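**Q** In this text, residue positions in the sequence shown follow UniProt numbering: the first is 1, and each later residue adds one.
Hints are supplied without guarantee of correctness; some may be wrong.
Stated by the list, open to error - Calculated cross-link-like contacts (lysine to aspartate or glutamate; reagent style EDC-like; alpha-carbon spacing at most 16 Å):
#1 Lys160 - Glu189
#2 Lys158 - Asp125
#3 Lys45 - Glu181
#4 Lys148 - Asp170
#5 Lys148 - Asp125
#6 Lys160 - Glu68
#7 Lys158 - Asp197
#8 Lys196 - Glu68
#9 Lys158 - Glu169
#10 Lys160 - Asp135
#11 Lys158 - Glu68
#12 Lys100 - Asp197
#13 Lys190 - Asp154
#14 Lys148 - Asp197
#15 Lys45 - Asp184
#16 Lys43 - Glu134
#17 Lys160 - Asp170
#18 Lys43 - Asp170
#19 Lys148 - Glu181
#20 Lys59 - Glu110
#21 Lys121 - Glu169
#22 Lys45 - Asp154
#23 Lys190 - Glu68
#24 Lys56 - Asp177
#25 Lys160 - Asp119
#26 Lys45 - Asp177
#27 Lys148 - Glu68
#28 Lys100 - Asp62
What the hints assert, rightly or not - Label-pair ranges, simulated between beta-carbon atoms:
#29 Arg61 - Asp177: 54 to 60 Å
#30 Arg51 - Pro98: 24 to 30 Å
#31 His193 - Asp12: 27 to 33 Å
#32 Arg20 - Lys59: 52 to 58 Å
#33 Leu9 - Ile117: 53 to 59 Å
#34 His123 - His193: 22 to 28 Å
#35 Asn146 - Arg30: 45 to 51 Å
#36 Leu73 - Thr28: 46 to 52 Å
#37 Cys50 - Leu73: 31 to 37 Å
Since the hints were made in silico from the structure, they are not lab data. Keep in mind it's a predicted model, so treat the numbers as computed, not measured. Note that beta-carbon positions come from the ideal geometry of N, C-alpha and C, so glycine has one too.
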Amino acid sequence: MRAAVIAELGVDVKSTMMKRLRQSLGYTSRSTRSGHMIRTANKEKRLLFCRSCIAKQEKFRDVIFADESTIQLENNSRSCYVTKGEEHRRVKHHAKHPQKVNVWGGISWEGATALAIIDGKVHVDSRIFCQIMEDFYLPFASLAYNGKCRLAHDNDAKHKSRYTLSWMEDHGVTCIDWPPESPDLNPIEKVWHHLKDYL
Numbered sequence: 001m002r003a004a005v006i007a008e009l010g011v012d013v014k015s016t017m018m019k020r021l022r023q024s025l026g027y028t029s030r031s032t033r034s035g036h037m038i039r040t041a042n043k044e045k046r047l048l049f050c051r052s053c054i055a056k057q058e059k060f061r062d063v064i065f066a067d068e069s070t071i072q073l074e075n076n077s078r079s080c081y082v083t084k085g086e087e088h089r090r091v092k093h094h095a096k097h098p099q100k101v102n103v104w105g106g107i108s109w110e111g112a113t114a115l116a117i118i119d120g121k122v123h124v125d126s127r128i129f130c131q132i133m134e135d136f137y138l139p140f141a142s143l144a145y146n147g148k149c150r151l152a153h154d155n156d157a158k159h160k161s162r163y164t165l166s167w168m169e170d171h172g173v174t175c176i177d178w179p180p181e182s183p184d185l186n187p188i189e190k191v192w193h194h195l196k197d198y199l
């Protein structure tokens with residue numbers, strides 16, 4: 001804003017003056033919220049999906065919500081706390097190649113799957129994904145639902161590949177037709193958010 005005033009009026013105004021002016025006009029500073037872009041065509045698909053769930057009075061009691069996430073093993077906080085008078089240089093150091101792990105998990109009314117932890121250097125393709133499903137999803141689905149459940153996960157390429165779809169058909173895995181660009185509709189995203197905050 002200061003740069004705009006200088007460019008428009010040719011007057012150099014100090015940033016403290018700009019801050020006071022904003023405050024006098026009732027503006028306060030807030031952190032921005034981030035979200036993913038949703039293409040117009042997919043907004044309609046999301047809306048139709050949600051309306052369909054409402055119309056069917058969908059309770060999702062037989063659904064396992066699953067997803068993968070990558071967790072970087074470093075401090076992700078943008079702020080720190082110090083006591084008054086404490087000398088602290090607020091420098092956040094970043095590793096050039098931070099350690100990370102890939103995780104896969106699922107949650108449901110009946111509890112959670114075991115957590116699959118995969119080295120962050122490993123590229124999870126369709127074959128590895130199906131092995132995760134065999135080792136983590138199928139045992140939980142069998143124990144919690146006697147195999148009579150549905151899987152909700154996003155439209156990642158490895159979830160929709162010919163190999164994966166064939167594997168799922170062979171193993172009797174029923175998937176909900178999830179709308180594209182809709183990871184935010186999957187409640188497990190909240191789990192990953194809290195996990196990353198905790199770490």
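**Q** Confirm or reject each hint.
**A** The hints, checked one at a time:
A distance of roughly 20 Å separates the Cα atoms of lysine 160 and glutamate 189; the hinted pair therefore is violated under the 16 Å criterion. Distance restraint check for lysine 158 and aspartate 125: the Cα-Cα separation of roughly 6 Å lies within the 16 Å cut-off, and the hinted pair is therefore satisfied. Restraint check for lysine 45 and glutamate 181: satisfied, since their Cα atoms lie roughly 10 Å apart, inside the 16 Å limit. With a C-alpha separation of about 15 Å, the suggested pair lysine 148 and aspartate 170 falls inside the 16 Å cut-off, and the hint holds.
As the CA atoms of lysine 148 and aspartate 125 are separated by approximately 26 Å, the hinted pair breaks the 16 Å bound. With a CA separation close to 14 Å, the supplied pair lysine 160 and glutamate 68 stays within the 16 Å bound. Restraint check for lysine 158 and aspartate 197: the C-alpha separation of about 27 Å exceeds 16 Å, so the hint is violated. A distance of roughly 13 Å separates the Cα atoms of lysine 196 and glutamate 68; the hinted pair therefore holds under the 16 Å criterion.
For the hint pairing lysine 158 with glutamate 169, the CA-to-CA distance comes to about 15 Å; that is within 16 Å, so the pair holds. Proximity of lysine 160 to aspartate 135 is assessed by CA-CA distance (about 19 Å); at most 16 Å being required, the pair is judged violated. A distance of roughly 11 Å separates the Cα atoms of lysine 158 and glutamate 68; the hinted pair therefore holds under the 16 Å criterion. Note on lysine 100 and aspartate 197: the hinted pairing holds, with a Cα-Cα distance of about 15 Å set against a maximum of 16 Å.
At roughly 15 Å between alpha-carbon atoms, lysine 190 and aspartate 154 fall within 16 Å of each other, so this suggested pair holds. Using a Cα cut-off of 16 Å, the hinted pair lysine 148 and aspartate 197 is violated, with the two alpha carbons roughly 34 Å apart. Annotation: proposed proximity of lysine 45 to aspartate 184 holds, straight-line Cα distance about 14 Å (limit 16 Å). The suggested pairing of lysine 43 with glutamate 134 is violated, with an alpha-carbon distance near 33 Å, which exceeds 16 Å.
Between lysine 160 and aspartate 170 the CA atoms are separated by roughly 15 Å; this keeps the pair inside 16 Å, and the hint holds. At most 16 Å may separate the alpha-carbon atoms for a hinted pair to count; lysine 43 and aspartate 170 exceed this at roughly 33 Å. Pair hint lysine 148 plus glutamate 181 does not hold up; C-alpha atoms about 27 Å apart against a cutoff of 16 Å. Restraint check for lysine 59 and glutamate 110: the C-alpha separation of about 13 Å stays at or below 16 Å, so the hint holds.
Distance hint between lysine 121 and glutamate 169 is unfulfilled; the C-alpha atoms sit about 29 Å from each other, more than 16 Å. Pair hint lysine 45 plus aspartate 154 holds up; C-alpha atoms about 14 Å apart against a cutoff of 16 Å. Distance check on the hinted pair: lysine 190 and glutamate 68 sit about 12 Å apart at the alpha-carbon level, within 16 Å; holds. Straight-line distance between C-alpha atoms of lysine 56 and aspartate 177 comes to about 15 Å, which keeps the hinted pair within the 16 Å bound.
With a CA separation close to 23 Å, the supplied pair lysine 160 and aspartate 119 exceeds the 16 Å bound. With a C-alpha separation of about 11 Å, the suggested pair lysine 45 and aspartate 177 falls inside the 16 Å cut-off, and the hint holds. In summary, the hint linking lysine 148 to glutamate 68 is not supported, as the alpha carbons are separated by about 22 Å, beyond the 16 Å threshold. Annotation: proposed proximity of lysine 100 to aspartate 62 is violated, straight-line Cα distance about 32 Å (limit 16 Å).
Between arginine 61 and aspartate 177 the CB atoms are about 18 Å apart, so this pair departs from the stated range of 54 to 60 Å. Separation of arginine 51 from proline 98 is about 41 Å and departs from the stated range, judged on CB atoms against 24 to 30 Å. Checking the proposed 27 to 33 Å range against histidine 193 and aspartate 12 shows it is violated: the Cβ atoms sit about 42 Å from each other. The given range of 52 to 58 Å is respected by arginine 20 and lysine 59, whose C-beta atoms sit roughly 53 Å from each other.
Remark: the range hint 53 to 59 Å for leucine 9 to isoleucine 117 is upheld by a beta-carbon distance near 57 Å. Against the hinted window of 22 to 28 Å, the Cβ-Cβ separation of histidine 123 and histidine 193 comes to about 24 Å, which satisfies the hint. The hinted window of 45 to 51 Å between asparagine 146 and arginine 30 holds, with their beta carbons roughly 48 Å apart. At about 34 Å, the CB distance of leucine 73 to threonine 28 disagrees with the hint of 46 to 52 Å.
Hint check: cysteine 50 to leucine 73, Cβ distance near 36 Å, so the stated range 31 to 37 Å holds.
Checked against the numbered hints above, the structure violates hints 1, 5, 7, 10, 14, 16, 18, 19, 21, 25, 27, 28, 29, 30, 31 and 36; every other hint is satisfied.
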